[in-house]
Each structure stands twice: as structure tokens, then as C-alpha cells.
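There are 2 protein chains.
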Amino acid sequence: MHYEEIIQSTIKKNNSKIVLLVLDGLGDIRSPKFYSKTPLEYAHTPNLDQLAKKSVLGRMYPILPGITPGSGPGHLGLFGYDPLKNVIGRGVLEAIGIDFSLQAHDVAARCNFATINEESIITDRRAGRISTEITQKLCEILQTIKEIDGVEIIIKSGKGHRFVTIFRSKQKEIGSLINDTDPLVEGKAPLLANGKNTPSQFLAQVINKFMKKGYELLKEQFPANAFLLRGIASKPKIPSISEKYLLESAAIASYPMYRGIASLLGMTLLPAPDSIEGLFQTYVNYKQKYDFFFIHVKGTDQAGEDGDFDSKVKCIETVDKSLPILLDHMPDVLAITGDHSTPCVMRSHSFHPMPVLLHSDFSGIDDVDRFHENACNLGGLGFFESRYLMGLLLANAKRLDKFGA
Amino acid sequence: MHYEEIIQSTIKKNNSKIVLLVLDGLGDIRSPKFYSKTPLEYAHTPNLDQLAKKSVLGRMYPILPGITPGSGPGHLGLFGYDPLKNVIGRGVLEAIGIDFSLQAHDVAARCNFATINEESIITDRRAGRISTEITQKLCEILQTIKEIDGVEIIIKSGKGHRFVTIFRSKQKEIGSLINDTDPLVEGKAPLLANGKNTPSQFLAQVINKFMKKGYELLKEQFPANAFLLRGIASKPKIPSISEKYLLESAAIASYPMYRGIASLLGMTLLPAPDSIEGLFQTYVNYKQKYDFFFIHVKGTDQAGEDGDFDSKVKCIETVDKSLPILLDHMPDVLAITGDHSTPCVMRSHSFHPMPVLLHSDFSGIDDVDRFHENACNLGGLGFFESRYLMGLLLANAKRLDKFGA
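So the sequences go chain by chain: B and S.
If you count by this note's numbering, then the first sequence holds residues 1 to 405, one letter each, in order.
If you count by this note's numbering, then the second sequence holds residues 1 to 405, one letter each, in order.
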């Protein structure tokens, strides 16, 4: 029996409300060459401090020590889906990232426009990094292909030279055990798609026809006279939050990637205004209707990626200032954390454990009186993997029965 | 190679003495609405404090974060048996809980008296919650069935409408992959027993005959004119402490459940007087005869279940006051902890990590100078799962060789 099975076998319903507030990329580090405090340490956060005094704190590994997660695995872990067992394909993440609503058997691929010469040899895998506007126009041209062998072709432009293709089949099963057609180097021809089982072989043939037809249509569009497919993936079969935890769940998130992941897990997408106040207000407005709220704040990650210490501090302070809106309608269980760290000095996601705060009538209270990385080192939750957080939230909500007699 | 295999491959004997003192349900939490200190924090414990100053401390998850264990999994973890892999069936725990000594191939079932109508439909699954006395009388009636198809039937009454049936076969193998005969709702007939393999099919037929004969005998005993079986389980095949660790082990525990678990693991049951002093004195009396002593104190859990903060404090203070009896005959390795937490504010087992204290010449000494939950957050043992405790005890006793060259 493993962890998720214990949860499954002990889960029960009650009327409790749970809020998981995720400040994306929240974790940070002190750096000898940069700042001697982390943004959380530096920020003026009277409301978070007050809450910390009544809560239990700790640090969470997004995956395992040393592993830096993308947003997919980072969030899957937070929702208690072992990110090592539940892998969401790149094509699906890309489709989600542009706010495309995938249906049950859809297969999605990341695509980029490329340049080939007369011998069909790739001379530029990114077609000279054409602009988003040009890509949009080219996608319209490609979209004149609507269907191949009964498989619907849906094309959505992305940033720069990137776009996403979704394959949707109503009649015949399609599979996604298909190689990339991008050889990943220049000087070679695009690869033919090959499927590893019957439904994948069928879709591979459709993809080969799609490339042939598409290249024909793009002939005059040099340098973008070709395109390549990568990360071909089916919508994963993952149990929903409602199946897994008997929770009616809702997401308050404004960015497509996070809305997409929430929607994959069966959460209802609630209105998500741009302001942090607005996010908390949405929770208040819908508090009675759902059991579990995932509130996502993007600013902390953005600031980290930009290496902008001041912006990260400011975003944290805005959250702190708006927090009373949420605290005035205190859920039974509240957790505040990140999906991973994004240290300003690194300007990227990182492997550092996140600070985490957990408050409920039964969370216990430790001696930590501020919410920041190093304070959390001494907390009553210790260090743990984020895939256990959801179990802690459910346990605090008294939604888990005893295991064994 | 997994953890238990490493222990197996490095274990050796020596003359060291190990004591594991378990204060049942010891762990607790500070609660904003209840007490601002935990019972361990609040208690006056000069001897424990003194010991903490010379020891290494930490916190132990009974299973994994968020999981609340029953006494079975809680104790299995303490003895280094992975509670996710070694599951003791409910019927067996029930038999253990009434102090019944199971033999190697016994199968046990939890039973309850019930009421059926003339169409054999269950109208009350608990027969109007008849008294323990009536249940005892009814069990005597049922026990006139001594044997069916060569399988001995042993009936032991429990509390209220509950009893345990043990099936013992000397000739033919019996299995326990058998469904409950209790449909778990009223308005349905009792279910027939069905076995999933040959030895289980054989016992299922015996059970069906037992029910038929039994109902016949109970006919005139309305409302208790029927009974239902649940949690049908075989005595688990678990290696004994002696096989696993080469330890001569003894249990000093007065409650049936804990004596039962100890006995399942092959420990010798020593006299266990009601007083805590008495428990420690038993250890002193038998110190020369055994390598490993499991001393079980029930009062802390009882107080927690009753929500009785003062009692829990008092029980801890009594342990502290009696501790010199044990300390004057200091074992080579001493650990003090719980099998799970039972916070007074929750009046039930909980998922919170237990405080743990470990003392030996080689335990190391950290900066923690008191034995309570939040102090232990900062200890030199960190946070770990209780299934690793036994390895730590053996290592401190120098009973484990180096792993690998």
C-alpha cells in the first residue's frame, strides 16, 4: 500500500473549507553577491507575521532535493499527485499554456516554424525567430487544413515562432507514442513520424500527411517554409480532485498555464481579476459553493525570473496587505506556500525548498513567528515533499479517517 | 535493496540492552482555543529535562505526513515493520484486543449480533446495542457449536454487541480472502461468504454453515437472532523481533492490544503492574534476561482521548517521577516517544509527529534541553518516519555492521 492509496482508503466528506494560496516561485535564497536577505525576510509583512505566530511552519521540497520543477510537476505535487508518477506531456502543457481546453482523447504537439532548403534539409529550426504576428498569419494559412483521414486539425499560434497543433478524432482511436519530427539539429531533414502502437501508427500517418500538405501551403512563406513537431502527447488520464479527495474544488488563477492544470484536475475556474485583492475577493464571493480553493499569485515568480528583488518584495507586501480580505473569512484550513523557488539571483526556477505555513484549529503552533525561508527551517512541519501537503490539509480538515485499527 | 534488507544484512549480536519506552498518544499540539502549551511543555519534568540535555531529540511521523495511525500500524512502525507493507487484519487486531492468543494458522473475524426479520432481512445491524452481559450469554449459546467440517470454532465475547470468532484448523489449510457477511446497511439480507482461493473457499463454506447453525440456535433470542462477520483475517506471517534483529525481546505492557501486538512479534510478556513505577521495576528485575524491552504506558493516550489535559500532564509527571528507577539501571540505549499523537483538543489519535528522545553513549547530544514537541523540532534527529527508529536503536547499540566496504 502506498501513500496515495492510504489517502484514498481513509478519505471522507465534511463541511470544512480549505484554501491553498500559492505564491508562484515564492522561495528565494540569501546570496553573498546579491542580497543578504531573501525577499520574504526583507518584506514588511505584519499580517503574515501575525498568522505565522498562530500556525505551524516548515519547508517543502517541490520534488526531491536538487530537483528543479517546471510549473507542471510543481503544481501536481502541491495537489498531491506524485509528480514522478503523473507526467503531463509537453504538448499538453503547451496547449494548456495558451488556454486551450483539451477534450478527453485529444493529442497535442508543440510546433515551431522552421526553414528548409531545396533538398528539404533544415537550415534554421526557428525560421529566423519570426515574430508572433507573422506566426499568427502563418497559422491561419495552415488552418486551412481542417481534417485529415477523419482527424480534426486545430492550430493555435503561440509566442515567436511557436504554435500548438491539436489532433482530435471522433471516430478512430489516436495514440501519442510518436517520435518528434524535429531532429533537434540543423543540416538534417525533418523526421517522419512513427507510431509505437496501432492508434499511434494511425496518428503518425496523419501527421506525416499534415506535414506534407502544410509544407506545400508554406512553400512561398520563406523563411518559414516548414514546421516541426515535438512533445506529442495525449491528455493524461489523471483522477480529478473530486474523485481523489471528494472535494468540490475551484481555482482562482489568471494565467493560462495554471488555469489549464487546474482544469485538467477538474477544478472549476472562477473569475480571477488582475489584482491580488480581487483574487481574495473571489474566494470570499464563492466560499459557500466549494470545499477547496486554489488561489494562484503569479507576480512573485515573474519578479524572480526578472531578477527583480524589489518587485518580488512588493508583490509579497501586496499579498500581505490584501490578506485580511481572506482572513476575515477564514477557511478551516489555510496553507500558504509556493510551487517552487525562483531566486532573484538565479532568474529561474530552482530546487530550493519552499517555505510553507499551515493554519487550522488542529495545525498546532510552533515557535516560528515570521514567514520566511530560514524561519521555516525551525518549524513544526520539518522538511517534507510537497506531494504530502494535500494529505496534511485534508488531515487538518478532519477529512481523513484513521489508518488501521 | 531496501531499508529492512540492509538491517537484516548488517545485524549482529552483542551484550547491549535497549529500552523503548512508549507513552501512548504522547504527542500533542498547542491550540489557540484550548491550551497555549502542550502537556509535555506544561508538565514539570526535571528528570526528562536532565536526560534531554544528554540526548539527541527529534520528531517522528508515525506513518507519513497527514496519516493518523491506529494502534496496530503505530506500533508496527515503532518496531521497524513498515506499516504500509505489514497490515494486520481487523479480525486479528480484535482477537488481540481481547487478549486472545492466536496460533499460527488461525483466522479471526469481528462479529456483531444483529436482528433479522422473518424474511431474513437485517432490521438492526447491532441488535439494539444489547449489553455486554447479554452478549456473553449469547456467546455461550453459540459456543455449543464446537466444530464444523474439522474446523474448530472458538467464540469470545467483547464489549456491547460485539464478539470475535476464531477458526482453527489442524488438518486442512484455511484461508481468509473472504468477504464480510455484513452488508453494512440495514434492509438487506446477510451476505454469503465467498472465498477468493481454495483454502478461503473451504473456510467460506464453514462460515456459511456456522451462520446457518448459529441463526437456528439464536432463533428465540430476539432481537439478537443473527450475527454478522467482518474483517476476516489470518494471523499475519511477520518475522519475529528475534528473527529480524537477533534480539531477545520482552514487553512490559498491561493493555491487551499492546500485549497482543508484542506477542505477535514474538516478545515475551513480562508482568505489567498497573503503576508506572511497577513497569519500570519489572524492567529492572528482568534486565539481565533480555536484550530489548518495550515498555508501554497507556495513560497519556487515555487522557488525550478524554480531552483531559490535566490527566495527561499528571501521567507525564508520574513517568518523570518514576524515571530514576529506570535511569539507575541505565540501558545502553534508551528511547522515549509515542506511537502516535493524541491531542487533548482532538480527543482522538492524530497525524502529528511525535517527539522522540534517544540516549546512548553514541547518540550524540544536541542543543535541545527539554523534551517536548516544539523543542524537538530543533533536535539532532530531525523529522523522520518511525519505521527508522529501530535501526537507530540498533545502531546506537552497535548491533549493526557497516553497509558496504
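Please note that the accuracy of each hint is not assured.
One copy or any two copies: either way a pair holds, since identical chains are not told apart in the list.
Straight-line alpha carbon distances no greater than 30 Å define the calculated DSS-like cross-link-like pairs of lysine-lysine that follow [stated by the list, open to error]: (1) K188 with K289; (2) K37 with K398; (3) K402 with K244; (4) K314 with K53; (5) K289 with K37; (6) K398 with K289; (7) K85 with K402; (8) K321 with K17; (9) K213 with K137; (10) K37 with K54; (11) K53 with K137; (12) K402 with K54; (13) K159 with K402; (14) K196 with K298; (15) K213 with K172; (16) K209 with K146; (17) K402 with K156; (18) K209 with K33.
If you're looking for bench data, these hints aren't it; they were derived computationally from the structure.
Here is what the structure says about each hint:
In this assembly of identical chains, the alpha carbons of K188 and K289 never lie at most 30 Å apart, being 56 Å within a copy and 35 Å across copies at closest. Proximity of K37 to K398 under the C-alpha cut-off of 30 Å is restricted to the inter-copy arrangement: shortest distance 22 Å between copies versus 37 Å within a copy. For the identical chains of this complex, K402 and K244 are neighbours both inside a copy (17 Å) and across copies (28 Å), given an alpha-carbon limit of 30 Å. Both within a single protomer and between protomers do K314 and K53 lie at most 30 Å apart by alpha-carbon distance, with minima of 22 Å and 28 Å respectively.
When the C-alpha separation of K289 and K37 is checked against a cutoff of 30 Å, the pair qualifies neither within a copy, at 40 Å, nor between copies, at 36 Å. Taking the closest pair of Cα atoms, K398 and K289 come within 30 Å of each other only inside a single copy of the chain (19 Å); across copies the shortest separation is 45 Å, beyond that limit. When the C-alpha separation of K85 and K402 is checked against a cutoff of 30 Å, the pair qualifies both within a copy, at 26 Å, and between copies, at 17 Å. For the identical chains of this complex, K321 and K17 are intra-copy neighbours only, at 22 Å inside a copy versus 44 Å across copies, given an alpha-carbon limit of 30 Å.
Taking CA atoms no more than 30 Å apart as the test, K213 paired with K137 passes inside one copy only; the shortest distance there is 17 Å, against 83 Å between copies. Proximity of K37 to K54 under the C-alpha cut-off of 30 Å is found in both arrangements, the shortest distances being 24 Å within a copy and 12 Å between copies. For the identical chains of this complex, K53 and K137 are neighbours neither inside a copy (56 Å) nor across copies (57 Å), given an alpha-carbon limit of 30 Å. For the homomeric pair K402 and K54, the shortest alpha-carbon distance inside one copy (26 Å) is at most 30 Å, but the shortest distance between copies (35 Å) is not.
Taking the closest pair of Cα atoms, K159 and K402 come within 30 Å of each other only across two copies (21 Å); inside a single copy the shortest separation is 50 Å, beyond that limit. When the C-alpha separation of K196 and K298 is checked against a cutoff of 30 Å, the pair qualifies neither within a copy, at 39 Å, nor between copies, at 53 Å. For the homomeric pair K213 and K172, the shortest alpha-carbon distance inside one copy (21 Å) is at most 30 Å, but the shortest distance between copies (58 Å) is not. For the identical chains of this complex, K209 and K146 are intra-copy neighbours only, at 12 Å inside a copy versus 68 Å across copies, given an alpha-carbon limit of 30 Å.
Taking the shortest alpha-carbon separations for K402 and K156, only the inter-copy value of 26 Å comes in at or below 30 Å, while the best intra-copy value is 48 Å. Taking the shortest alpha-carbon separations for K209 and K33, neither the intra-copy value of 54 Å nor the inter-copy value of 68 Å comes in at or below 30 Å.
Hints 1, 5, 11, 14 and 18 from the list above are not met by this structure, while the remaining hints are.
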